[in-house]
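Asks: Sequence:
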Amino acid sequence: MNTFNRVVLLVSIFVIASCGGGGGGGGGSDYQPPAPPTNNSPTITNSTTAYSVVENQTSAFTITATDADGDTLTYSIGGTDASLFSVSTSGVVSFNSAPDFESPSDSDSNNVYDLMASVSDGSASDSKDFTVTVTNDTSDDVTTEGYDGTYLGAGPIQGATVCIEVTAGTCTGAQYTATTAQDGSFSITVDSGVTGVLRGEGGFDPVTNLQLSTNSSFALGQPVTDQNFVVTPLSTIMNEYSNSTDYDTFKSKLGLDSNFMIRYNNPFASLDTASLNKAAVVNTQILVIHEVLNAIHTFTGDNAANKIAAAIYGRSGSETSLGDTTFMKDMLTNLDSDFSPTSDQLVDLSAGISAYMQKINATSSNSHSHFAKAGVSELKELMKSVMDGTSNSDEIDKLVFNTIDWINENTAWDGGSITDNEESMNTTTYSLSNNGSLNYIVDNVNARDTEFIIYVREGDTIKFEATTSVTSAHPFLMSTENNDMDSSNDIGAMEGWNKDSLTLTVNSNTPDTIYPHCQFHNGMYANSKIVKVAQFDQNLIDVDNGSTALQVKGTVSTGPFKGASGFTYKVYLTSQGGSEHTHTFHEYPGLTFYMPGGQGYHGAESASSDEKFKPKSHYVSGSNDSNDSY
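The numbering of the sequence shown is my numbering, which starts it at 1 and goes up by one.
Mixed in with the good hints, there may be bad ones.
Said to hold, decoys possible - Dumping the calculated BS3-like pairs for lysine-lysine here, alpha-carbon to alpha-carbon at most 25 Å:
#1 Lys-384 - Lys-253
#2 Lys-463 - Lys-278
#3 Lys-398 - Lys-380
#4 Lys-384 - Lys-359
#5 Lys-278 - Lys-384
#6 Lys-463 - Lys-253
#7 Lys-359 - Lys-499
#8 Lys-532 - Lys-463
#9 Lys-529 - Lys-499
#10 Lys-398 - Lys-359
#11 Lys-463 - Lys-499
#12 Lys-529 - Lys-463
#13 Lys-398 - Lys-253
Derived by calculation from the structure, the hints in this document are not laboratory data.
Please read these numbers as outputs of a predicted model, since none were measured by experiment.
Let's have the full structure, built from the sequences with the hints guiding it.
Replies: Following this line, the structure appears as structure tokens:
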């Protein structure tokens with residue numbers, strides 16, 4: 001072996017020895033690899049979670065976060081309104097579309113948007129709830145829309161809140177409001193496109209200082225820009241009713257002039273105008289009825305206004321008076337399934353409310369204020385006592401039998417005491433049809449065979465509502481001669497007769513005796529007539545045919561008859577032996593009626609004929625036409 005080889009061998013041996021040495025442990029090892037570094041969760045570090053931004057911009061807020069490890073962070077958003085937002089890779093949160101304060105798109109439409117922001121490093125995450133409130137930029141507000149008008153009860157209401165309602169039935173929470181002036185006027189300016197019911201609530205009557213509670217409100221419905229409106233009890237019940245657009249039928253049911261505009265005409269503007277006078281009376285009546293109904297019953301479904309409108313709209317026949325006791329009874333009977341007054345309670349309610357309604361008149365706007373005050377205070381409280389069983393029967397009787405006295409005792413009347421409006425209620429309507437060419441039929445009475453006399457006084461108006469067959473084939477005329485077939489003695493306008501409207505307005509030129517007749521057929525009104533008298537004699541009562549319904553001549557004295565009426569109610573007379581008689585409502589026999597003094601009337605031939613009493617008329621079996629009072 002040469003020297004080089006020996007050197008290599010020695011080195012090799014040395015290396016081998018070194019590799020196998022180290023303590024003689026048999027070849028094992030204690031080596032452990034280092035642990036991987038710990039990952040820290042990212043943290044959202046925003047100092048606030050509630051942000052406020054002005055409308056018409058997309059910027060919302062920026063999510064700020066830290067990560068101890070310096071990892072790349074990913075941002076996301078969730079929550080109720082998340083679909084309306086986007087978030088960038090750097091955490092900038094933006095609206096997808098610029099928000100509109102006037103038309104919020106958040107889930108509950110209150111301009112407060114709810115989000116949950118999250119940040120993740122790929123392994124761990126952090127989340128936090130945020131809100132973004134959108135505020136109004138007034139620079140874009142369009143305030144050129146105006147709703148102007150007058151808020152009326154039984155006349156102007158001062159200090160009331162008028163609003164475009166947000167919550168149905170109340171001005172609470174409304175964005176647009178105004179307060180009424182002394183004359184009830186208001187003006188509301190709103191953003192373009194704003195819609196909703198125009199409503200008023202609260203306030204007081206400046207004539208009587210009657211305070212209306214916030215629970216007392218009247219509404220109009222959806223107004224029209226730049227129109228002047230009246231918000232009244234009349235407009236309210238139409239707004240609340242399902243047939244709220246059928247104004248023509250509604251006005252017909254109330255006896256209002258077809259030209260009267262419920263949403264635009266102030267019924268108290270000119271009480272000398274017949275159409276406004278009637279509308280004013282109806283408006284005040286509805287106000288009182290509305291308040292009384294809310295006092296005697298708690299409504300859980302339909303409200304009082306809806307019930308009043310439904311009763312008016314659904315009534316049958318030609319009667320239009322809200323003082324009609326049968327109407328009142330029917331409305332109360334159908335008020336609600338859980339409203340169930342006893343028979344006695346129904347009598348007192350029907351008679352009491354009806355008696356009050358009949359006395360409301362329109363001599364002045366001040367009188368309406370006093371009627372309203374007494375109605376929504378004293379009458380309301382008395383009717384409440386009927387329902388809770390604490391009423392005084394003497395007080396009920398006074399209201400029913402002596403309504404004027406009761407009202408005067410229960411309100412301080414400016415300028416003296418209230419007067420009885422029945423003196424001015426001079427129009428009486430009769431139905432007119434025909435049985436071929438044999439006879440006319442007047443309120444179901446055969447005018448050829450029955451001695452039927454209509455008594456009238458100067459100032460009275462008699463109107464005949466004729467069927468088409470009468471107006472087309474049996475022209476109805478008036479003469480001073482019985483069966484005046486050549487019309488030689490027919491009367492006309494000078495004597496108060498309008499043959500086109502079939503209306504007789506009695507004046508000084510009206511003949512003392514008038515004979516209606518058919519232009520073409522003899523004897524259709526042969527045994528009946530119209531007689532003009534100076535007055536009705538309270539003491540002249542003529543009773544005959546006592547075995548059936550009575551035929552009465554003249555008037556009955558005031559009381560003691562239970563109930564309220566006096567004008568056109570469905571009643572009949574019955575005999576109880578000899579000259580005794582009772583007066584009974586056909587549709588509600590338990591309720592008898594009161595006929596005020598000074599009013600003549602006729603009864604039905606039989607109870608089943610369902611006749612209406614009429615003032616200034618009656619049947620007779622024989623009368624002395626030379627007398628000037630009946």
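Asks: Now, for every hint given, state plainly whether the structure supports it.
Replies: Verification of the supplied hints:
{"no.": "1", "hint": "Lys-384 - Lys-253", "in the structure": "violated (28 Å)"}
{"no.": "2", "hint": "Lys-463 - Lys-278", "in the structure": "holds (17 Å)"}
{"no.": "3", "hint": "Lys-398 - Lys-380", "in the structure": "holds (15 Å)"}
{"no.": "4", "hint": "Lys-384 - Lys-359", "in the structure": "holds (20 Å)"}
{"no.": "5", "hint": "Lys-278 - Lys-384", "in the structure": "violated (28 Å)"}
{"no.": "6", "hint": "Lys-463 - Lys-253", "in the structure": "holds (18 Å)"}
{"no.": "7", "hint": "Lys-359 - Lys-499", "in the structure": "violated (32 Å)"}
{"no.": "8", "hint": "Lys-532 - Lys-463", "in the structure": "holds (15 Å)"}
{"no.": "9", "hint": "Lys-529 - Lys-499", "in the structure": "holds (16 Å)"}
{"no.": "10", "hint": "Lys-398 - Lys-359", "in the structure": "holds (14 Å)"}
{"no.": "11", "hint": "Lys-463 - Lys-499", "in the structure": "holds (10 Å)"}
{"no.": "12", "hint": "Lys-529 - Lys-463", "in the structure": "holds (14 Å)"}
{"no.": "13", "hint": "Lys-398 - Lys-253", "in the structure": "violated (30 Å)"}
In the structure shown, a violation is registered for the earlier hints numbered 1, 5, 7, 13, in ascending order.
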